[in-house]
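Here the protein sequences come in this chain order: A and B. The numbering of the first sequence is the numbering used here, which starts it at 1 and goes up by one. The numbering of the second sequence is the numbering used here, which starts it at 1 and goes up by one.
Hints listed in this document are in silico derivations from the structure and should not be mistaken for laboratory results. A virtual CB, placed ideally from N, CA and C, is assigned to each residue, including glycine. Please note that the accuracy of each hint is not assured.
To be verified - Mimicking DSSO-like on lysine-lysine, the simulated pairs with C-alpha atoms at most 27 Å apart in a straight line are:
(1) B:5 to A:275
(2) B:80 to A:88
(3) B:80 to A:229
(4) A:229 to B:103
(5) A:52 to B:103
As the list claims (entries may be wrong) - Chain A side only, calculated, beta carbon under 8 Å to chain B, not exhaustive:
(6) 54
(7) 163
(8) 240
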Amino acid sequence: MLNSLLVVALVAIIAWLGAAIGLGSLFGVVLPYVAIVVFLGGVVWRMVWWAKSPVPFAIPTTGGQEKSLDFIKQAQWDCPDTTLGVVKRMFLEVFLFRSLFRNVNAEIKQDDPVNGGPRLIYYSSKWLWVFALLFHYCFFIVFFRHFRFFVDPVPGCVSFMEMIDGFLQIGAPRFYLTGGLLLVAVLFLIGRRLVNPRVRYISLTQDYFPLFLILGIVVSGIAMRYFLKTDITQVKAFVMGLVHFNPISADGIDPIFFVHVCLVSTLLIYFPFSKLTHMAGIFFSPTRNLPCNTRRVRHVNPWNPPKDFLTYPEYEDLYREAMAGANLPLDKPLEAETKQKSGE
Amino acid sequence: MYNSKAVIAGIVAFLVICTSPFWANFGSGDYKKPEVVLPKKPECIESAEFMRAEHMQLLNEWRDQALRHDNRQYVSSTGKKWEISLQNTCMKCHNDYEQFCDKCHVTNNVDPYCWTCHILPKGSK
Numbered sequence: 001m002l003n004s005l006l007v008v009a010l011v012a013i014i015a016w017l018g019a020a021i022g023l024g025s026l027f028g029v030v031l032p033y034v035a036i037v038v039f040l041g042g043v044v045w046r047m048v049w050w051a052k053s054p055v056p057f058a059i060p061t062t063g064g065q066e067k068s069l070d071f072i073k074q075a076q077w078d079c080p081d082t083t084l085g086v087v088k089r090m091f092l093e094v095f096l097f098r099s100l101f102r103n104v105n106a107e108i109k110q111d112d113p114v115n116g117g118p119r120l121i122y123y124s125s126k127w128l129w130v131f132a133l134l135f136h137y138c139f140f141i142v143f144f145r146h147f148r149f150f151v152d153p154v155p156g157c158v159s160f161m162e163m164i165d166g167f168l169q170i171g172a173p174r175f176y177l178t179g180g181l182l183l184v185a186v187l188f189l190i191g192r193r194l195v196n197p198r199v200r201y202i203s204l205t206q207d208y209f210p211l212f213l214i215l216g217i218v219v220s221g222i223a224m225r226y227f228l229k230t231d232i233t234q235v236k237a238f239v240m241g242l243v244h245f246n247p248i249s250a251d252g253i254d255p256i257f258f259v260h261v262c263l264v265s266t267l268l269i270y271f272p273f274s275k276l277t278h279m280a281g282i283f284f285s286p287t288r289n290l291p292c293n294t295r296r297v298r299h300v301n302p303w304n305p306p307k308d309f310l311t312y313p314e315y316e317d318l319y320r321e322a323m324a325g326a327n328l329p330l331d332k333p334l335e336a337e338t339k340q341k342s343g344e
Numbered sequence: 001m002y003n004s005k006a007v008i009a010g011i012v013a014f015l016v017i018c019t020s021p022f023w024a025n026f027g028s029g030d031y032k033k034p035e036v037v038l039p040k041k042p043e044c045i046e047s048a049e050f051m052r053a054e055h056m057q058l059l060n061e062w063r064d065q066a067l068r069h070d071n072r073q074y075v076s077s078t079g080k081k082w083e084i085s086l087q088n089t090c091m092k093c094h095n096d097y098e099q100f101c102d103k104c105h106v107t108n109n110v111d112p113y114c115w116t117c118h119i120l121p122k123g124s125k
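Please model the entire structure based on the sequences and the hints provided.
Pasting the structure below:
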């Protein structure tokens with residue numbers, strides 16, 4: 001946990017020092033280009049890798065009654081048996097995180113009056129679902145709002161989003177709700193790993209690192225917007241230089257900008273090789289993307305060798321004489337065959 | 001590759017969305033940093049660097065001082081006294097809204113809500 005915090009801090013400090021000694025173009029131009037190439041190439045490579053991997057068994061998760069006889073009610077949303085149903089379930093999974101909604105917490109209650117002693121209680125736990133939704137949607141809106149630096153003139157949808165996001169009109173520059181909520185959500189997701197002993201036990205560096213990295217991005221972004229300040233007009237000119245493949249000098253931009261950009265680039269580079277690829281991976285999950293029709297449709301393991309079939313007529317041809325000798329019933333009698341042969 | 005049609009469609013969609021900032025600017029000319037038309041009077045209440053970074057916060061503070069605390073006097077970092085007033089202090093020199101305020105605000109998509117109370121200066125939309 002501390003390791004990942006240190007690594008993120010180190011990345012930020014290196015970017016700060018680098019920008020301060022005039023290496024702005026390294027952290028502001030070279031690194032983002034490399035990061036974008038690694039990100040795009042890496043994610044496509046992961047997608048092709050997954051698409052090439054055969055699915056040996058039909059393992060869709062079933063959250064209810066599979067389609068059966070007509071008088072048995074099927075759980076349409078949780079146990080879809082058609083492609084359309086799977087698309088619906090996937091849509092709800094991607095946009096509303098339905099499987100997290102089912103999150104259940106197990107706790108041992110001491111001195112339970114029912115048991116007269118300790119008792120294991122399962123209860124529905126929606127906090128993870130709420131904060132996961134909050135985190136992902138706020139992150140998306142924050143990401144989308146950044147398009148005001150990438151496109152000129154700024155599209156109306158971005159302005160609309162900013163208007164909604166800053167509708168409280170707190171302070172100037174206007175406070176964006178999603179920025180604050182994103183910080184709260186990231187802190188919850190980190191706190192959950194630290195406070196809950198069972199989650200803490202299974203948390204590894206690769207769980208903490210992306211959270212601290214995103215925390216670093218959020219904090220540096222908020223610091224840049226509200227406290228440390230940088231010349232935003234110069235920043236837009238700089239970013240537009242990048243998207244036109246015509247980078248301009250990094251002079252006149254505060255180091256905090258390069259800290260922010262460096263942390264985002266680190267995230268992009270880290271993305272395809274970490275658990276963050278669940279963005280693409282969700283679509284390749286056999287537990288989610290297979291229809292629940294295992295009782296009606298045979299799933300053939302694609303890596304099975306081709307089967308050597310022996311149909312019954314072939315079997316009879318092979319053993320006809322022996323079968324006739326043992327007086328077994330034959331579809332095609334022995335005499336017919338011998339007559340045919342002698343006739344020729 | 002299994003389900004290659006869907007997978008290739010997905011990869012193409014992913015690439016197109018992720019590279020949208022690049023192709024959205026494709027063909028349009030190079031972006032030019034807006035040049036504001038500076039007023040003739042050389043002295044502002046604070047330094048240009050300070051104003052560039054903090055003017056929005058300062059204006060917000062001025063509003064609170066003038067309207068909520070009834071304090072119309074601002075003492076700058078150099079010790080000079082200024083009247084706290086958008087119309088009478090700021091816009092006396094910065095009188096060209098389109099060539100000054102709007103230049104950066106429009107390109108950076110900043111929508112200040114000064115004009116929900118103040119009258120929008122002439123010659124602007």
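So, going through the hints one by one against the coordinates:
no. : hint           : in the structure
1   : B:5 to A:275   : 25 Å, holds
2   : B:80 to A:88   : 66 Å, violated
3   : B:80 to A:229  : 25 Å, holds
4   : A:229 to B:103 : 19 Å, holds
5   : A:52 to B:103  : 52 Å, violated
6   : 54             : 7 Å, holds
7   : 163            : 7 Å, holds
8   : 240            : 4 Å, holds
Checked against the numbered hints above, the structure breaks hints 2 and 5 and satisfies the rest.
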